[in-house]
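Build out the structure end to end from the sequences listed, making use of the hints.
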Amino acid sequence: MDYILEVKNITKSYANHRALHEVSLNIPRGSIVGLLGPNGAGKTSLIRIITQIIGQDSGEILFNGEPLMPKHIARIGYLPEERGLYRKMKVGEQLLYLAQLKGLSRKEALAKLKIWFEKFDIKTWWNKNVQDLSKGMAQKVQFVATVLHEPELIILDEPFSGFDPVNASLIKDEILELREKGSTIIFSTHRMESVEELCEYVILINKSEKILDGLKREIKQRYKTNTYTVDYKGHLNGQLSADYSILSSEEIDLNFIQASIQTPQGASPNDLIKELINHVEVHNFQEKIPSMEEIFIMLVSGNTI
Amino acid sequence: MNKILLVLKREYLVRVRKPSFIWMTILTPLLFAGLIMLPVLLATSFENEKKIEVIDLSKQIVQNLKSQNKLTFIPSKHDRLEKAKAELEKSEFYAILYIPAINLDKPEGITLIGKKSISLELELEIRGGIEQVIKGIKLNKTGIDKKVLESLKTKVDIQPETLKGEESSSGAAFILGFMIAFIIYMAVLLYSQQVMRGVVEEKTSRIIEVIISSVKPFQLMMGKILGVAAIGMTQFVLWIVLTFAIVTGVTTIFGLQNPSQKSAAIEQLQENTPEKSEAEKEQEQQIIQRVFSEFSNVPIVLIISTFLFYFLGGYLLYSAMFAAVASAVDSETDTQQFVLPVSMPLIIAFIAFQAVIRDPDGSVAFWMSIIPFTSPIIMMVRIPFGGVEAWELILSMVLLILGFIGTTWVAARIYRVGILMYGKKVNFKELGKWIFYKM
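Protein chains in written order, with the numbering used here: chain W, 1 to 305; chain F, 1001 to 1439.
By construction, these hints were calculated from the structure, which means they are not laboratory data.
From a predicted model like this one, the values you see are computed outputs, not experimental measurements.
Glycine included, each C-beta is placed from N, C-alpha and C at the ideal position.
Some clues are possibly wrong.
What the hints assert, rightly or not - In the BS3-like style, the derived pairs of lysine-lysine whose C-alpha atoms are separated by at most 25 angstroms in a straight line are:
1. W/Lys-90 - W/Lys-71
2. W/Lys-71 - F/Lys-1018
3. F/Lys-1106 - W/Lys-8
To be verified - Computed far set for chain F versus chain W, every beta-carbon distance over 10 angstroms:
4. Ile-1212
5. Val-1241
6. Val-1339
Structure below.
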């Protein structure tokens, strides 16, 4: 597989605690990667090491196969969780400045900004002072600043916090479009619904260590519990063989029951259906795939799904 | 390097466009010019010529009263006070001086009647004039030859010189030393606190992490410090040019073409104090003249170039420290606890000014002009006195350069930790630990 970023055995300690311990992971090129973990797990430290804000104690990071160096800063875009703008600076001027810091020339930056200002329909903001913008407006400006230099790797820390639904979906579309154009996106979040919606690849960090990474689809398969949700008409009481256990059941409509049934190890869905049709009329049958949230909570807290 | 320039440019442009910068730049020269010209203007333009009508019944005073300094004595055509009084309101005279037939040993009954109330200054001036006249009359009576009296006066002139034969110039040195020390003190504090506020602003607005994902913390700090330095230099140049322009403009309008005329005006002020003897007056005039002539002996090029060097050096040293403490706090109010300790050496230097002026080549002066934290002020106090050896100056300059490289290095190490730290109450011990953090 082609990786844009390879993190190898990164360890980082601060004065009185360990932030990362022997963390290794790979970011596949062109994917949208969810970096998950509870507060204080070490996500921000990892991001800051990748963005070269801080350095690691040991370990190595490869960017496009070569060791991470200051020159790579221009190819990474970073939207921190704690983000802001110079309040007393005009929007256009500020974006020009941030773009130039990323290594664009003034001319290039102007040309690119023009496109974004038209795209977001914010041309009238150019000469506005940042302090006159609403929070949502300021976040659009920050997003533009993050992606303006067309970075290969975009790191977004809690990108949707503080966005109203309209702007959130606008940014979501932009993220997808950037991926189409070949960028790789890492985003760090607590909001599992956006992980479900956007991410193909997931990394879970807990207590300074990586505890899980891989394709979201595969992870879900790995953590499924052979449980099925069945809607049926009739009565099942005591008629299923002892291998199948009914975890819960409730009447959802007149004579319609919805039950959650776990099959024994090695049993296929068809085995359950065969068993069921002898006793009841099946109206709906669905395998229960765990949500990322369930997997997250299970792994972090140690409970089972 | 390129990024330091980008940061510098932003810091400069943002500040140079601020209304407060523009106002400060315009108003300060007005203040300076005002301070320079106020005494001169007071002594000349605002004082109208005053004519005093004199009724002299003693018949021996008025003809000897010397008109001077916009004060003219004119014998009255009346010989009765009442008549003159009745006409005073409509006359050109400012006041009536009434001298009855007096006993010279015990003159009584002399009156001064003004249209409006008489100022103390005028009263003293006229009293002094009359006293001089009476003194002259009495002298004549005793028979002492005036020439003999004149010959008793001996003019002593001491020419202070240094071993090297340079003219030493303590009067001008005092004035220059004080002005420069004060300007450096104010400017270093003013501009380094601008750096401090800039750093706090980046932290509170939370843009800091965005910026340092593009530039190194050191580049950001240096860019900011140099940007504010450029602002300081711009302001200084504008202040000097504008002050010069205003002073020149106003003096042309009021007809005071050159500084020597200024000193003439000051001499006039001195003359007005009649209690002083001629000799004293002369002495004062000489002192004033010497101070003015001394200014032309002061090594101006040396002073201006060292002034710029020590201002820049002192500013770089202190602004780095202010940047470091600013990085550690979350809001501007939290900086207060650090401002005083950090600026303490500068304050001590400013207080030590007195001692240094008294003994500009003493050991206090020497050490404080060598140590980088106080040298920007103390060396600039010493230089106008002319007693600074070349090796002292070079040592002091080298140490100042090493000093700011050192503080900048330490400050940068605190800064890179501080800017990412939120919600932590810090003290100097904590800051000290940050120096040794690995990031």
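Given pair status - W/Lys-8, F/Lys-1106, alpha carbons within 25 angstroms
violated, 110 angstroms
Checking the smallest CB distance to chain W, is F/Ile-1212 really beyond 10 angstroms?
At about 5 angstroms from chain W, F/Ile-1212 fails to clear the 10 angstroms cut-off, so the statement is violated.
According to the definition I'm using, a residue is off the interface if its beta carbon is farther than 10 angstroms from all beta carbons of the partner; does F/Val-1241 meet that for chain W?
holds, 28 angstroms
Is the straight-line distance between the alpha-carbon of W/Lys-71 and that of F/Lys-1018 25 angstroms or less?
violated, 35 angstroms
Please settle this one: F/Val-1339 was flagged as non-interface, so is its CB more than 10 angstroms from every CB on chain W?
Per Cβ check, F/Val-1339 is outside 10 angstroms of chain W; nearest 23 angstroms; holds.
Please verify whether W/Lys-90 and W/Lys-71 have alpha carbons no more than 25 angstroms apart.
violated, 28 angstroms
Of the numbered hints given earlier, the model fails hints 1, 2, 3 and 4; all others are met.
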